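Residues per chain are reported as follows:
There are 4 protein chains.
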Amino acid sequence: MQNTTQLKDQLVTANRVLANEGIIEGFGHVSVRHPDGDKLLISRSLSPKLVTRDDIMTMTYDGTIVENKDKQPYLETVIHRAIYRNRDDVDAVVHHHAPDMMPFVATDTEIKPVFHLAALFHEGVPSFSDYDTEMGPLIVTEAEGDRMAAALGDKRAQLLENHGANVVGESLKEAVLGTVYLVMNARYQIQAEQLGTPSYFDGPQDTLEATVDDVILADISIDRMWSYLCDRLPNDPSM
Amino acid sequence: MQNTTQLKDQLVTANRVLANEGIIEGFGHVSVRHPDGDKLLISRSLSPKLVTRDDIMTMTYDGTIVENKDKQPYLETVIHRAIYRNRDDVDAVVHHHAPDMMPFVATDTEIKPVFHLAALFHEGVPSFSDYDTEMGPLIVTEAEGDRMAAALGDKRAQLLENHGANVVGESLKEAVLGTVYLVMNARYQIQAEQLGTPSYFDGPQDTLEATVDDVILADISIDRMWSYLCDRLPNDPSM
Amino acid sequence: MQNTTQLKDQLVTANRVLANEGIIEGFGHVSVRHPDGDKLLISRSLSPKLVTRDDIMTMTYDGTIVENKDKQPYLETVIHRAIYRNRDDVDAVVHHHAPDMMPFVATDTEIKPVFHLAALFHEGVPSFSDYDTEMGPLIVTEAEGDRMAAALGDKRAQLLENHGANVVGESLKEAVLGTVYLVMNARYQIQAEQLGTPSYFDGPQDTLEATVDDVILADISIDRMWSYLCDRLPNDPSM
Amino acid sequence: MQNTTQLKDQLVTANRVLANEGIIEGFGHVSVRHPDGDKLLISRSLSPKLVTRDDIMTMTYDGTIVENKDKQPYLETVIHRAIYRNRDDVDAVVHHHAPDMMPFVATDTEIKPVFHLAALFHEGVPSFSDYDTEMGPLIVTEAEGDRMAAALGDKRAQLLENHGANVVGESLKEAVLGTVYLVMNARYQIQAEQLGTPSYFDGPQDTLEATVDDVILADISIDRMWSYLCDRLPNDPSM
Chain B
4 MQNTTQLKDQ
14 LVTANRVLAN
24 EGIIEGFGHV
34 SVRHPDGDKL
44 LISRSLSPKL
54 VTRDDIMTMT
64 YDGTIVENKD
74 KQPYLETVIH
84 RAIYRNRDDV
94 DAVVHHHAPD
104 MMPFVATDTE
114 IKPVFHLAAL
124 FHEGVPSFSD
134 YDTEMGPLIV
144 TEAEGDRMAA
154 ALGDKRAQLL
164 ENHGANVVGE
174 SLKEAVLGTV
184 YLVMNARYQI
194 QAEQLGTPSY
204 FDGPQDTLEA
214 TVDDVILADI
224 SIDRMWSYLC
234 DRLPNDPSM
Chain G
4 MQNTTQLKDQ
14 LVTANRVLAN
24 EGIIEGFGHV
34 SVRHPDGDKL
44 LISRSLSPKL
54 VTRDDIMTMT
64 YDGTIVENKD
74 KQPYLETVIH
84 RAIYRNRDDV
94 DAVVHHHAPD
104 MMPFVATDTE
114 IKPVFHLAAL
124 FHEGVPSFSD
134 YDTEMGPLIV
144 TEAEGDRMAA
154 ALGDKRAQLL
164 ENHGANVVGE
174 SLKEAVLGTV
184 YLVMNARYQI
194 QAEQLGTPSY
204 FDGPQDTLEA
214 TVDDVILADI
224 SIDRMWSYLC
234 DRLPNDPSM
Chain Y
4 MQNTTQLKDQ
14 LVTANRVLAN
24 EGIIEGFGHV
34 SVRHPDGDKL
44 LISRSLSPKL
54 VTRDDIMTMT
64 YDGTIVENKD
74 KQPYLETVIH
84 RAIYRNRDDV
94 DAVVHHHAPD
104 MMPFVATDTE
114 IKPVFHLAAL
124 FHEGVPSFSD
134 YDTEMGPLIV
144 TEAEGDRMAA
154 ALGDKRAQLL
164 ENHGANVVGE
174 SLKEAVLGTV
184 YLVMNARYQI
194 QAEQLGTPSY
204 FDGPQDTLEA
214 TVDDVILADI
224 SIDRMWSYLC
234 DRLPNDPSM
Chain Z
4 MQNTTQLKDQ
14 LVTANRVLAN
24 EGIIEGFGHV
34 SVRHPDGDKL
44 LISRSLSPKL
54 VTRDDIMTMT
64 YDGTIVENKD
74 KQPYLETVIH
84 RAIYRNRDDV
94 DAVVHHHAPD
104 MMPFVATDTE
114 IKPVFHLAAL
124 FHEGVPSFSD
134 YDTEMGPLIV
144 TEAEGDRMAA
154 ALGDKRAQLL
164 ENHGANVVGE
174 SLKEAVLGTV
184 YLVMNARYQI
194 QAEQLGTPSY
204 FDGPQDTLEA
214 TVDDVILADI
224 SIDRMWSYLC
234 DRLPNDPSM
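Protein chains in written order, with our numbering: chain B, 4 to 242; chain G, 4 to 242; chain Y, 4 to 242; chain Z, 4 to 242.
Be a bit skeptical, because a hint or two may be false.
The list cannot tell twin chains apart, which means a pair is met if one copy fits it or any two copies do.
Subject to a maximum C-alpha distance of 20 angstroms in a straight line, what follows is the list of computed DMTMM-like cross-link-like pairs (lysine to aspartate or glutamate) [stated by the list, open to error]:
| hint | residue 1 | residue 2 |
| --- | --- | --- |
| 1 | 158 | 133 |
| 2 | 115 | 103 |
| 3 | 158 | 212 |
| 4 | 72 | 41 |
| 5 | 74 | 222 |
It is worth saying that the hints were derived from the structure and are not from the lab. Nothing here was measured: the structure is a model prediction, and the numbers come from that model.
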């Protein structure tokens, strides 16, 4: 098990990887559950590309900041907090507005796996639109966060209508790679829908689960894709 | 309030940001109202990526150059001048031909918000095509500029048919970020229109206005996106 | 008027600009008429990004190499030679397979101006497909070249079905910028055709010609776009 | 004929070229038949951008590792092994999931040549979907590999439904360039199908074969495109 410092460093890497892949740009954020299990680690409000270990805040699930109290948090930390308090099996959350996801966020077209790595989402990606009326499609109140987490249910990802998407995982790497695979699927599916009759990857449940457990989430796969993404990070100190 | 030198430096940054994001390429320009209120600051005719403080001209609303008189101005400064003389609430103007905008500029499809940040344009983006017949869809005469400004009305952006778009703001940052969000919306909307039935973000007026005032134009949002765009600028001296 | 060395240097820049913009990749080539008027300058068979002054061959219109005789020419120099011998008003030719052009090269959809800079092509972009049967859609024989030049007629550009496109100009800068504007139009038109009902820029003949002569081909416009494209070239010696 | 060390170095270059062009990203792999004819060379499981000579494994067609025995092979080496044992005329194999291929991999739309360089695939690109049921659309068992190779037949490429594609060649350069041309065709065809009525390059058999033999696979063409792709490789030591 990682100690808190190691986890903060991995969270910094996760921020930089997601920024470098164009998934979280000016906005968007990623968090990880604290090893103690009762709070979470997330950057202060900052462009993800610039996050360093010192920018990581520790925050309880009700939003109380317990480390870096003088720093400004993101506006929508309730997205993360509501998921952690409702999903014991989740230890990492990515909230993002990746460009390739946005056409799905702005239509009623369902996102479905068109290639093997997206089998991760074979149980479906529900769409949430039951927003509070005050602030449009942002998630800012505790009640709104809880409704959003209820709509996520036990799934691995959800869309937020006219806003973005959340992807969860049992670990930071799983949430980051899941986000990458969901965004790839979105890109391929948009083009497939225009090109012809899509053949979704929706084999028997056993096959889908084996693909997830024995291939996509196998250590060898996670390590190879993670190292690929880290290799793509620029070396210059500003990144 | 910023002094003129600070404003010129911010205008240089705005030029570089818009160039770096691929929004103003060889052509396209950005201006800001002079602190005195009776004239404007705009670069001489130059590729925006290369603009420095010494390239900034000061010009009255009738086109008289009062600083850098020996320099060649852009062909279409009347776009900026006509807007400033017709819109007291506007202090910055971006005129551009961003690739993702061009399909809307070349069709009768209306641009409508498909994600939260584009709520800025919920009052509509009118299209102007009442050009003088001499020079095609360029805006070069004072009368043409005034007709264009009248068509803009009190909106935040307008399309110029077969040519490009204008985005205005109460400040340089607001005009630049508004441009970025409009271009993002264009990209997402093009794909959404092809993928399925778009769900535009067109909630109740109160919600839309609150999203604009309390989220999109809140200092925390403007600062984060602006710092993100500035962080993306290359460090090398040629940029 | 430029001397031959200056023209060779400008041809090197044209090669690098077209490579840097992704217009001529591994294949594709650009030539300029020699100041003597009876021959042309073109690189030896080489990836355009790598061309230097020493790689420029001088070649007569029948294909006799008079400078750099020991070098391997491109397979399709007849494209250039046939145009020069049939078009006295043309002093530069770009032959390319730019990705955004290829959908037009592979369909019967006509390319038409959707934005002002493409007014350059308001007289139409004819498509050639009367190939010799031996080598598919490549232009390799003198007779094939002459048929191709006849199909071009007095136009500024032509498509070669299932192959690529040619753009001509009265100068190297005009041919390079024309290529850039044609490729931009292709990109915008593809998306406009999908988004809605395109409004082509097809005003009265006078307006179109004034747009071409007084705006697009005005020195100020050519200089600004050319300097923009040159500014984008990487500084490193390999480029 | 190349010795084994030269071949390994060329395989390293092939890995880097395919990574640099975005064709094999985190996953995907390329192999070459060993000069002895009874085994193959392929990298250990590694992000292709990072492959060095020391990472190359030697493996027999039944999967026995004879060099670099302590290293972890890719999960799907049977793709390569099954092709080599079924196709004496093939000396190199690229297995990939290039983004532009994926819409074809996820629909029933046939990939057909829309430009001259794709004439290489004029005999068709069959699609394989007769997977074992255990692991979804991955190729992991010997029997599955043999069925896949049988479906490839004597063709130059095949699609693997909901997964990716294989491209083969008589040499490493041929397999790599064939992959590049197939991916380019995919991109152009997707857009052509949306833009209008595609005109496929499907001339008489003689013309197609001459285009392949005398143009596409001519030494001058292979050398120019290969040098172009190598020139594009970053110089920095990490690549």
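Each hint tested on the structure:
Taking the shortest alpha-carbon separations for residue 158 and residue 133, only the intra-copy value of 18 angstroms comes in at or below 20 angstroms, while the best inter-copy value is 29 angstroms. In the homo-oligomer, the alpha carbons of residue 115 and residue 103 lie at most 20 angstroms apart both inside one protomer (14 angstroms) and across protomers (18 angstroms), since each shortest distance falls under that limit. For the homomeric pair residue 158 and residue 212, the shortest alpha-carbon distance inside one copy (14 angstroms) is at most 20 angstroms, but the shortest distance between copies (33 angstroms) is not. In this assembly of identical chains, the alpha carbons of residue 72 and residue 41 lie at most 20 angstroms apart only when taken from the same copy (17 angstroms versus 45 angstroms across copies).
Taking the shortest Cα distances, residue 74 and residue 222 sit within 20 angstroms of each other only across copies (15 angstroms), while inside one copy they are farther apart (36 angstroms).
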